[in-house]
Every structure is written in C-alpha cells, then in structure tokens.
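S.K.: Spelled out from the first residue to the last, the chains are:
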Amino acid sequence: MRKLGRKWRWFHRMGSPRWFYEITGGWLPWLIPLAFSLLAIGLFWGLFLAPPDARQGQSYRIIFVHVPASFLALVGYYVLAIAGAVGLIWRIKMSFILMKAAAPIGAALTFIALFTGAIWGKPTWGTYWVWDARITSMLILLFLYLGVMALQRALVSTDTAFKASAILALVGTVNIPIIYKSVDWWYTLHQPATLKLTSSSTMHIEMLQPLFFMICGFYLFYMLVLILFARLEILQREKSSRWVRSLVSEDCVI
Amino acid sequence: MSNIARSTHPGLMAYVRRDVSLSIRSNSGAYAPLLFFCMVCTLVPISISPNPQKLAELAPGIIWIMALLASLLSIERIFVFDYEDGSLEQMLIAPNMMAFPVLGKIIAHWLVTGLPLTFLSPAIGLMFALPNNAYGPMILSLAAGTAYLSLVGAVIASLTVSLGRGGFLISLLAVPLYMPILVFGTSTVTYAVAKMPWSAPLATMGAMLAIALVLCPLLASWALRVTNGG
Numbered sequence: 038m039r040k041l042g043r044k045w046r047w048f049h050r051m052g053s054p055r056w057f058y059e060i061t062g063g064w065l066p067w068l069i070p071l072a073f074s075l076l077a078i079g080l081f082w083g084l085f086l087a088p089p090d091a092r093q094g095q096s097y098r099i100i101f102v103h104v105p106a107s108f109l110a111l112v113g114y115y116v117l118a119i120a121g122a123v124g125l126i127w128r129i130k131m132s133f134i135l136m137k138a139a140a141p142i143g144a145a146l147t148f149i150a151l152f153t154g155a156i157w158g159k160p161t162w163g164t165y166w167v168w169d170a171r172i173t174s175m176l177i178l179l180f181l182y183l184g185v186m187a188l189q190r191a192l193v194s195t196d197t198a199f200k201a202s203a204i205l206a207l208v209g210t211v212n213i214p215i216i217y218k219s220v221d222w223w224y225t226l227h228q229p230a231t232l233k234l235t236s237s238s239t240m241h242i243e244m245l246q247p248l249f250f251m252i253c254g255f256y257l258f259y260m261l262v263l264i265l266f267a268r269l270e271i272l273q274r275e276k277s278s279r280w281v282r283s284l285v286s287e288d289c290v291i
Numbered sequence: 485m486s487n488i489a490r491s492t493h494p495g496l497m498a499y500v501r502r503d504v505s506l507s508i509r510s511n512s513g514a515y516a517p518l519l520f521f522c523m524v525c526t527l528v529p530i531s532i533s534p535n536p537q538k539l540a541e542l543a544p545g546i547i548w549i550m551a552l553l554a555s556l557l558s559i560e561r562i563f564v565f566d567y568e569d570g571s572l573e574q575m576l577i578a579p580n581m582m583a584f585p586v587l588g589k590i591i592a593h594w595l596v597t598g599l600p601l602t603f604l605s606p607a608i609g610l611m612f613a614l615p616n617n618a619y620g621p622m623i624l625s626l627a628a629g630t631a632y633l634s635l636v637g638a639v640i641a642s643l644t645v646s647l648g649r650g651g652f653l654i655s656l657l658a659v660p661l662y663m664p665i666l667v668f669g670t671s672t673v674t675y676a677v678a679k680m681p682w683s684a685p686l687a688t689m690g691a692m693l694a695i696a697l698v699l700c701p702l703l704a705s706w707a708l709r710v711t712n713g714g
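Which chain is which? The protein sequence lines are G and P, in order. Okay, so the first sequence: first residue is 38 according to the numbering used here, each after it adds one. Okay, so the second sequence: first residue is 485 according to the numbering used here, each after it adds one.
Just so you know, not all the hints are guaranteed correct.
Here's a subset of chain G near chain P, in silico, CB distances under 10 Å, partners left out [to be verified]:
(1) F85
(2) L86
(3) I99
(4) P160
(5) T173
(6) L181
(7) T195
(8) D196
(9) K200
(10) S202
(11) L205
(12) L207
(13) I215
Computed list of lysine-lysine pairs in BS3-like fashion (alpha-carbon distance at most 30 Å, straight line) [unchecked claim]:
(14) P:K538 - G:K218
(15) G:K159 - G:K218
(16) P:K679 - G:K218
(17) P:K679 - P:K538
(18) G:K130 - G:K276
Treat the hints as calculated values from the structure; they're not laboratory data. Backbone N, C-alpha and C fix where the C-beta goes; we use that ideal spot for every residue, glycine too.
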C-alpha cells in the first residue's frame, strides 16, 4: 500500500465510524447548549424585541424561522450530494452515513420552509400558495429529498442503497440549477410579475441582527441533528463490532 | 446511420435491433403507453370542456403531460425483462463498455414509445383544435423531448431495476427530473400557438438532449453496476 502523506491522514481517519463517534461525542456537550442558546436568543430577539415592519406589521416575524429553514434546506441538499460524491469517489463509509442522515433533515427543513411560507403568504399576499418560481422549485426540492429517502429505504443491501442514492443525489444536483432556471423562465412566461419576491427589500439592521442569530443557530442545530442521526446510524451498522458492544455493556453496568 | 454506429461501436445497432424486435414481437404490451396516451387525451374534453377554443389553449400542456406519463409508464420495461431473465447480468460481465448496450436499449425504447407517440401527436392535435402553425413545433419538441425522457428515465430505471416492478418509486424519482423538459416542451408549443418565435425553447431542449445523450448512458451503466452488486 502506498504510504499516505501526513496531510491526508486526517481525511482517511475521518472515514472510520468509530473515530467519528468518539470525536463527536466530545463535541456534543458544547454543541447542544450553543445551538439552543443561539436559537433562544434569536427567537426572543426576533419575536419580542425587534420592531414591527412598517408595511407587514407583526406578520413578518415568521421570517426568523422561514429564512433560516429555507437556507438550510438548500444547503442541506449540497451536504447530501457532496457527502454522496465523496463516498462514491473515495469509498468512505462514513460519508455515506452522513448522506443518509442528511436526507430526512433536509426534507423536514424544506417542509418547514414551505409551510411557514404558506402561513406567511396568507396575510401578505392574501393566498396560501402561489405558483412562483422559488416556491415551485422548493416543492421539487422536497420531492428530490423524498426520492433519495425512498430509494435508500427500498434497496435491501445497505451498500447498494448507499451508492444508488448517492448517484441519485448527484443526478439531482445537476438538475437543481436547470429546474430552477426552467421554472423561473416558465413563471415569467405565465404570470405577470405582480408579486415581486426576488427583490429582497433592504432590511433594517435591527431586524437583520436577530435573523443573523437565527441563521447561525439553525446551522449549529443542523450540524447537531446531523451528528446525532449519524451516530445512531453508526451504532446500528456497527452493532456487532467489539467497540460498540463494549460501549453498550459499559452503559449497562452503570 | 449503421456506418456511424459501426465505426463507434460494433454492438450498438445489434442491441437496438434486438430490443426493438423483442418489444414488437413479445406480447408484453409495448403499445400500452401509446394507447394510454390516446385514451387519457379523450378524457380531457369530456371532463373539462369540448369547446374548441378552450381545448386549443390546453392542448400543448395536455399533450406534453400525456407524453411524459406514457414515457413514465413504459420506462421500467427498459431493463426489467433483461434483469429477470439474466441477460442484463451477461451484458454487465461482458468485456464491452456497458454504456453502449445501455445506449442501444435507450434508443430502442425511444423508437418503440417516443417516436410513435410523436407521429401520433398530430392526430391528437387535430382533435384538440390546435392551430395549424403549431404542428411543426409540437412534432419537433416531442421528438427531442421524448428522447430526453427515455435517456433520463433510463438512469432512474437502472437505479430501481433490482426492486422488480417498482413503478411507484420510479415516478417519485423521475418526475422532478422530467420537470425542465416539460417546461421547455410546452413553451415551444405555446409560443407557436401565440405566434411568437419558438426556436429558443426548442434549442434549449436540443442542448439538454445533447448533454443527456452523453451523460445518461454512462450514469445508467454505472448505476446498473452498483445495483447489480458490482
């Protein structure tokens, strides 16, 4: 075997589920309070302290959930696809585990983004649903997530399931910009641009600060949930290995 | 055509011929998607309105949705019979590059479903009171679009082939990927109906078809190797 350079050793060590389990175990006591306190600060600031919007009044406050959720829903697909690609190229099992963990989280976030968007749409535009380019591509993103989950679930062999859903995730990644552009184009063809969603109104700094907290909080929360899902998957996959057994028996003794 | 094929890969035409004759000669319902296409199109005037003006407005979208569904219905047969009788495995262990048999099967699938559907579409257009100037764009867009559907569908079919008849899963996976071509296909026809220049969406479809023609056979053969324990 070729001797690995020092630079790449960390990369291959990361491929070991045991290493991942042990190192993230040390992160959790920091990550959990940090994520939840950022979310709590952001929510309290956004919902109670930030001034009401000049035109939308109080109803705009849903952006403190809607914007971070949509943000992470999109980022989550790239996490999924990159993890799948890394798994396929370097055959790293841990990467596939992260990909599998990312799919349901992303689907949930996409759903939250669509749901909060619908709730917000009612008071501001007078309707729950508009066939706008962005909303439609979010809906298709939800289908892409569900597709990866369904394929993962349907294939019996875990190795095949990992690789097949990684290929699907990559095909989806190539398609996301095409879908977005085509739907955008279709929208400009079919609908008069009465609702201008793309021009982000310049937000007041006092609204931007809690939003920043919420986005950071969502990022950390995403990381936390991803790690927890991946840890669970590691324990299930490695349940017959010695280190998991000793971990479980230690817990039983205590 | 055969000269080009011979110079690129000797087996390509053989695979096309084999799959076309297999689906024509076996009573496995290769014509079912076509029948489906016609029958569902008859449901539309009954359920919505027989008014020619309204139908002409709906026609581009309906013809395209039906073409998409007909392709979706038939796409799983592209590999499933060969998977069941073991010949897919023989192709996989053969020393040839798997992308060529896959491309041959995709071409055969298009010749059996997409092309007849394209030829049939003027009849449906006639029944839907489509304006005269929209027939050319409709035929061109359907010819290019159904080929794209066969190519992208083959990737999805290769991912799900080991599940047997996973029809429902195929639709869940394929529909989001079919969305862009549906947009450009209906735009081509709608533009023509509105007497606007329709070459831009058609050219976009051609570009997408060219990319898919290169990538999809490779992706599908890769996926077949993965799902068949390679």
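S.K.: Indicate, hint by hint, whether the structure satisfies it.
M.R.: For each hint, the structure was consulted:
no.: 1; hint: F85; result: 40 Å, violated
no.: 2; hint: L86; result: 41 Å, violated
no.: 3; hint: I99; result: 27 Å, violated
no.: 4; hint: P160; result: 30 Å, violated
no.: 5; hint: T173; result: 9 Å, holds
no.: 6; hint: L181; result: 5 Å, holds
no.: 7; hint: T195; result: 12 Å, violated
no.: 8; hint: D196; result: 9 Å, holds
no.: 9; hint: K200; result: 4 Å, holds
no.: 10; hint: S202; result: 8 Å, holds
no.: 11; hint: L205; result: 6 Å, holds
no.: 12; hint: L207; result: 8 Å, holds
no.: 13; hint: I215; result: 5 Å, holds
no.: 14; hint: P:K538 - G:K218; result: 29 Å, holds
no.: 15; hint: G:K159 - G:K218; result: 26 Å, holds
no.: 16; hint: P:K679 - G:K218; result: 24 Å, holds
no.: 17; hint: P:K679 - P:K538; result: 17 Å, holds
no.: 18; hint: G:K130 - G:K276; result: 15 Å, holds
In this structure, the hints that do not hold are numbers 1, 2, 3, 4, 7, in rising order.
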